[in-house]
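Student: Going down the list, the protein sequences come from chains A and B.
Okay, so the first sequence: first residue is 1 according to the numbering used here, each after it adds one.
Okay, so the second sequence: first residue is 325 according to the numbering used here, each after it adds one.
Calculated from the structure, these hints are not laboratory results.
Note that the structure is a prediction, hence the values are computed from the model and not measured.
Backbone N, C-alpha and C define an ideal beta-carbon position, used for all residues, glycine too.
Hints should not be assumed to be uniformly reliable.
Unchecked claim - From the structure, some residues in chain B lie toward chain A, with a derived Cβ separation under 10 Å: (1) Arg398; (2) Gln405; (3) Lys424; (4) Pro473; (5) Ser476; (6) Ile574; (7) Gly575; (8) Leu577; (9) Phe579; (10) Tyr608; (11) Tyr610; (12) Phe619.
So the chains spell out like this:
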Amino acid sequence: MAGNVKRKVIGDSHRKSQRGTEESPVVKWVLISIALAFCLVFLLLPLANVFAQAFGQGIKAYLAALTDPDSLAAMRLTLLVAAISVPLNVIFGVCAAWAIAKFNFRGKSLLITLIDLPFSVSPVVAGLMFVVLFGTNGFFGEWLQDHPLHLFGREYAIKIIFAIPGIVLATMFVTFPFVARELIPVMQATGTEQEQAALTLGASGWTTFWHVTLPSVKWGLVYGIILCNARAMGEFGAVSVVSGHIIGQTETMPLRIQGLYEGGTAASGSAAFAVASLLALLALVTLGVKTFLEWQQAREYELAQQALAPVRQDPVFQKPEDFR
Amino acid sequence: MSIELKNVTKQFGGVAAVNNVSFNVHEGELMALLGPSGGGKTTVLRMIAGLEMPTSGDVFIRGQRVNDVSVRERNIGFVFQNYALFKNMNVFKNIAFGLKIKKWKTADIKARVEELVKLFGLEGLEKRYPHQLSGGQRQRVAIARALAPKPSVLLLDEPFGAVDAKIRQELREWLVTLHHDLNVTTIFVTHDQEEALEVSNRIVIFSRGRLEQVGAPREVYEQPANEFVALFIGVMNVLDTEVRDGIARIGELQFAAHDQPDGARLRIGFRPYAVQVSADLTLYPYRAVLRHTFFLGVMLRLEFELHSGLKLRSRMTKEEYAQLGLEEGREVSLQVRNYRVLAKENGALPPEKDFSYQQPPMIAENI
Numbered sequence: 001m002a003g004n005v006k007r008k009v010i011g012d013s014h015r016k017s018q019r020g021t022e023e024s025p026v027v028k029w030v031l032i033s034i035a036l037a038f039c040l041v042f043l044l045l046p047l048a049n050v051f052a053q054a055f056g057q058g059i060k061a062y063l064a065a066l067t068d069p070d071s072l073a074a075m076r077l078t079l080l081v082a083a084i085s086v087p088l089n090v091i092f093g094v095c096a097a098w099a100i101a102k103f104n105f106r107g108k109s110l111l112i113t114l115i116d117l118p119f120s121v122s123p124v125v126a127g128l129m130f131v132v133l134f135g136t137n138g139f140f141g142e143w144l145q146d147h148p149l150h151l152f153g154r155e156y157a158i159k160i161i162f163a164i165p166g167i168v169l170a171t172m173f174v175t176f177p178f179v180a181r182e183l184i185p186v187m188q189a190t191g192t193e194q195e196q197a198a199l200t201l202g203a204s205g206w207t208t209f210w211h212v213t214l215p216s217v218k219w220g221l222v223y224g225i226i227l228c229n230a231r232a233m234g235e236f237g238a239v240s241v242v243s244g245h246i247i248g249q250t251e252t253m254p255l256r257i258q259g260l261y262e263g264g265t266a267a268s269g270s271a272a273f274a275v276a277s278l279l280a281l282l283a284l285v286t287l288g289v290k291t292f293l294e295w296q297q298a299r300e301y302e303l304a305q306q307a308l309a310p311v312r313q314d315p316v317f318q319k320p321e322d323f324r
Numbered sequence: 325m326s327i328e329l330k331n332v333t334k335q336f337g338g339v340a341a342v343n344n345v346s347f348n349v350h351e352g353e354l355m356a357l358l359g360p361s362g363g364g365k366t367t368v369l370r371m372i373a374g375l376e377m378p379t380s381g382d383v384f385i386r387g388q389r390v391n392d393v394s395v396r397e398r399n400i401g402f403v404f405q406n407y408a409l410f411k412n413m414n415v416f417k418n419i420a421f422g423l424k425i426k427k428w429k430t431a432d433i434k435a436r437v438e439e440l441v442k443l444f445g446l447e448g449l450e451k452r453y454p455h456q457l458s459g460g461q462r463q464r465v466a467i468a469r470a471l472a473p474k475p476s477v478l479l480l481d482e483p484f485g486a487v488d489a490k491i492r493q494e495l496r497e498w499l500v501t502l503h504h505d506l507n508v509t510t511i512f513v514t515h516d517q518e519e520a521l522e523v524s525n526r527i528v529i530f531s532r533g534r535l536e537q538v539g540a541p542r543e544v545y546e547q548p549a550n551e552f553v554a555l556f557i558g559v560m561n562v563l564d565t566e567v568r569d570g571i572a573r574i575g576e577l578q579f580a581a582h583d584q585p586d587g588a589r590l591r592i593g594f595r596p597y598a599v600q601v602s603a604d605l606t607l608y609p610y611r612a613v614l615r616h617t618f619f620l621g622v623m624l625r626l627e628f629e630l631h632s633g634l635k636l637r638s639r640m641t642k643e644e645y646a647q648l649g650l651e652e653g654r655e656v657s658l659q660v661r662n663y664r665v666l667a668k669e670n671g672a673l674p675p676e677k678d679f680s681y682q683q684p685p686m687i688a689e690n691i
């Protein structure tokens, strides 16, 4: 009897302590409502509005706005800039993350701080830095002007500011933390033992990187790439400073949107929203890919769990730590 | 001679993690590197593997000096403490990895992996990924992967550290059987002296980067080379005595010390089994009271208190305990059958912790 009573008391106190860690339903619902309302007002409504405005003049006007030669040029430029800066950022990000996660060296914390720098520097300031460096009166600008490139018997003046190279540089500057930031924690969690194991089995550094390191960070890498891409295509501030806004030549999509919007007419206004709807769509696609990646990981984990069923009684079973 | 270390030293930032260590491992031997944490044993293992380079000294594998041979070309199998399985590859691919690197033919790889899978009892798990395996299975995959390319030596870093006590025992026995069947030279690192004594042919004992003793389990247990080994291997009663009239004394205990001058201090040690106990109070020279009884399975560890307050540890089987009619608080007579002098000095003995380990080792009580 005594034993029973005791057990019951323990059970009760256990239940109570569980309840004790939860807030009351009122608090819970208030918090959820605030978060939802915030998302609705600041994210969903504006997004819906972009599409509403874009189609405000009818689908014909929408398509016309998108197929306008200058808008098409802006799209091409945006794609080009992303196609150059994203791969370069991937290479840089992998190198930087590798260095930080796998080696100990002096100035490591400085490197981590530097990687985060673009997050803390205003994009406009970043753009101005490049103007100061490469502008007509800038550090390298004058030298570049005096030393044109000779190629196939012709002379090319290298222009960086108010040209595509400047836009690429500015975009790379603002986006370079993205890949590294995603990879560093994943690589740190993985450690160096798998690589060392590959070495003891006779693998070369390249084989090890390709078959061991890269697969173990692939989701982090893909995630970093889509974030980097979204930012590269959407960047306004830094690009605006270095681009010079030459319509049809150095205008990326965000700049084109601003230019159209400032055109003032109803037609150019809705054209601005039409182009903006593409960027909004990109955001949605990015979100979709992100969700898909997370779902993919969850599914892998789920499958792992199912396959595990007969083993699970084993007392030394451990949960994999690498799922977010 | 499979492996030889000659005057090997390894320094990390000016601190010697391994200090002038030399020893041999014979072909086909199962050798334990034993010592407290930070003793340098893992560094020695990693130097044999080529994952660390010695600051000075030479490492030989099968007579060849391998200091300048990279880890890739040493033909060793290394099992990491946490196994370091490739988590993006299934069991089959993990085991096949080294064979693919060595450009084996696909059919040969398949045959070799299947052979190992069978040998290691991993049938049906080939398609599983590391996170779908239990700790014991992971360890077996790690060893299979290391053995697949037929290395000349198998190196294991704390092979039983990451599994729980019950499975650890099974794995120990399994490793002994495996070594017996394959007869590949094997070196493993452990901080658990019980494990080293039970599993290995010979033990190398390290502390603070120095080699303390090399010997068979029985040798290091019965003839420890120095005080550190004596204290690290098994349980020991340790007493600091002072010599008067050719007798080392502490409390009422006396030990013969004919060759020692008066005032000499001797540190004396003896195993619990050297303490003989009788219910007959006149049989042995010292009287003591049983204070505590610790149950260790088949054996019991007993703590006796002498009249002077000295405490001695003894051990006996449950049957002996019953025969003597012992219980806590009961008075007995006892004697110390044999003992050894751990340290002697004419001045004051250094305090015990000075030459002991920084981190207490796991002392198995049932030795």
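Student: Each of the hints needs a verdict: does it hold here or not?
Tutor: Hints and how they fare:
no.	hint	in the structure
1	Arg398	8 Å, holds
2	Gln405	8 Å, holds
3	Lys424	9 Å, holds
4	Pro473	7 Å, holds
5	Ser476	13 Å, violated
6	Ile574	47 Å, violated
7	Gly575	47 Å, violated
8	Leu577	46 Å, violated
9	Phe579	48 Å, violated
10	Tyr608	46 Å, violated
11	Tyr610	46 Å, violated
12	Phe619	24 Å, violated
The structure is inconsistent with the numbered hints 5, 6, 7, 8, 9, 10, 11 and 12, although it conforms to all the rest.
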